[in-house]
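Chain by chain, the residues:
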Amino acid sequence: AQTVTQSQPEMSVQEAETVTLSCTYDTSESDYYLFWYKQPPSRQMILVIRQEAYKQQNATENRFSVNFQKAAKSFSLKISDSQLGDAAMYFCAYHTGTASKLTFGTGTRLQVTL
Amino acid sequence: GEEVAQTPKHLVRGEGQKAKLYCAPIKGHSYVFWYQQVLKNEFKFLISFQNENVFDETGMPKERFSAKCLPNSPCSLEIQATKLEDSAVYFCASSLVASGRVSNEQFFGPGTRLTVL
Chain S
1 AQTVTQSQPE
11 MSVQEAETVT
21 LSCTYDTSES
31 DYYLFWYKQP
41 PSRQMILVIR
51 QEAYKQQNAT
61 ENRFSVNFQK
71 AAKSFSLKIS
81 DSQLGDAAMY
91 FCAYHTGTAS
101 KLTFGTGTRL
111 QVTL
Chain Y
115 GEEVAQTPKH
125 LVRGEGQKAK
135 LYCAPIKGHS
145 YVFWYQQVLK
155 NEFKFLISFQ
165 NENVFDETGM
175 PKERFSAKCL
185 PNSPCSLEIQ
195 ATKLEDSAVY
205 FCASSLVASG
215 RVSNEQFFGP
225 GTRLTVL
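Taken in sequence, the protein lines are chains S and Y. Read in my numbering, the first sequence has 29 at position 29, and its numbers run on one by one without any break. So the mapping is simple: my numbering equals the position in the second sequence, first residue as 1, plus 114.
Everything labelled a hint here was simulated from the structure, so no lab data went into it. Treat the numbers as computed from the prediction; the structure is a model and nothing was measured. Accuracy of the hints is not assured; some may be wrong.
[Said to hold, decoys possible] Below, computed lysine-lysine pairings styled on DSS-like, alpha-carbon distance capped at 30 Å:
| hint | chain 1 | residue 1 | chain 2 | residue 2 |
| --- | --- | --- | --- | --- |
| 1 | Y | 176 | S | 70 |
| 2 | Y | 176 | S | 55 |
| 3 | Y | 141 | S | 78 |
| 4 | Y | 176 | Y | 141 |
[As the list claims (entries may be wrong)] Some, not all, of what chain Y presents toward chain S, calculated at C-beta under 8 Å:
| hint | residue |
| --- | --- |
| 5 | 136 |
| 6 | 147 |
| 7 | 155 |
| 8 | 156 |
| 9 | 164 |
| 10 | 167 |
| 11 | 169 |
| 12 | 170 |
| 13 | 179 |
| 14 | 219 |
| 15 | 220 |
| 16 | 222 |
We treat Cβ as the ideally placed atom computed from N, Cα and C, and that holds for glycine.
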C-alpha cells in the first residue's frame, strides 16, 4: 500500500525561530509529486509548497523550503522565521500524476508561541 | 469561477436520512476529486471524475455513496441512509488537464461539514 507517514503529531516553535516537520512516504512509482498543505482552523486547504520527484533541486517558497531525499523517501518542510499565522495543521501528500488521487499523511499540528 | 465552491457549508442529518453535497469546480478544470476528512483529521479519497466520467472510484463505499458530475451542473456527492460514522468534512478539489511532467495541483473547496445525529 502506498502510504505517507508524519511521525510528529504536534510541534511547537517560538515566533521568529525555525521548525522542521518530517514526512516519509512509500511508493513504487518512479514519477510522483509531493506537496505540503496547510490547514488552519477554518479547515481551508492551502498549498504551501510542491516538489516534482524528478527534480533534484529542493523547492523553496519564501520562508518555506523542503529537504527532499528521494532515496530515503523523505520530504521534510522547513519553516523559517515562524509567524503566529503559521499555526495550523500541516499535511504532507503526494500523487503520481494527472488525475491521480492525493495520498495524505495524518498531519502535524504546529503551535507558534510568543 | 476562480475558486472551488462547495454547498452547503454545514449539513445536519438524522441517522438514516439522505445527504447531498454540491461542488462547482474552477472553470476550465477537467478533474474533480472528493475527499472525506474525519474528525481525527485523516483524509480518505472517495472518487474522482474526468469531466462527467468517473475516473477512479476505488475509495467509494458503494452501498450508500454515489456521485455525479453532469455537464453544466455542479458535481454532487450523495449519501443514502446516513450513519453516524459519515460525520466528517467532505472536500471537493479540482485540477487542470496538463500534459508533460507537471505537478497538477489540486485546488480545494472550503468543505462541507456533515453532522449525522
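Next on the checklist: Hint validation: residue 156/Y versus chain S, beta carbon distance must be below 8 Å. Holds or violated?
Outcome noted: holds, 6 Å
Next on the checklist: So if I understand the rule, the pair passes when the alpha-carbon distance is 30 Å or less; does residue 176/Y with residue 55/S pass?
Outcome noted: Distance ~39 Å between residue 176/Y and residue 55/S Cα, so the pair is violated.
Next on the checklist: Min Cβ distance, residue 167/Y to chain S: is it shorter than 8 Å?
Outcome noted: violated, 11 Å
Next on the checklist: Does the closest beta carbon of chain S sit nearer than 8 Å to the beta carbon of residue 219/Y?
Outcome noted: holds, 6 Å
Next on the checklist: Does residue 220/Y hold up as a contact with chain S if the rule is Cβ-Cβ below 8 Å?
Outcome noted: holds, 6 Å
Next on the checklist: Take the shortest C-beta to C-beta distance between residue 147/Y and chain S; is it under 8 Å?
Outcome noted: This hint holds: residue 147/Y lies near chain S, its Cβ roughly 6 Å from the closest one there, short of 8 Å.
Next on the checklist: Take the shortest C-beta to C-beta distance between residue 136/Y and chain S; is it under 8 Å?
Outcome noted: violated, 17 Å
Checklist entry - Is the Cα-Cα distance between residue 176/Y and residue 141/Y 30 Å or less? => result The hint holds at about 29 Å.
Checklist entry - Quick one, are residue 176/Y and residue 70/S close enough, alpha carbons at most 30 Å? => result violated, 36 Å
Checklist entry - Would the stated hint for residue 169/Y survive a check requiring a Cβ distance to chain S of less than 8 Å? => result For residue 169/Y, the interface hint holds, since the closest Cβ of chain S sits about 5 Å away, which is under 8 Å.
Checklist entry - Taking 8 Å as the limit, does the beta-carbon of residue 164/Y come near enough to a beta-carbon in chain S? => result holds, 6 Å
Next on the checklist: Min Cβ distance, residue 155/Y to chain S: is it shorter than 8 Å?
Outcome noted: holds, 5 Å
Comparing the model with each earlier hint shows violations of hints 1, 2, 3, 5, 10 and 13; every other hint is respected.
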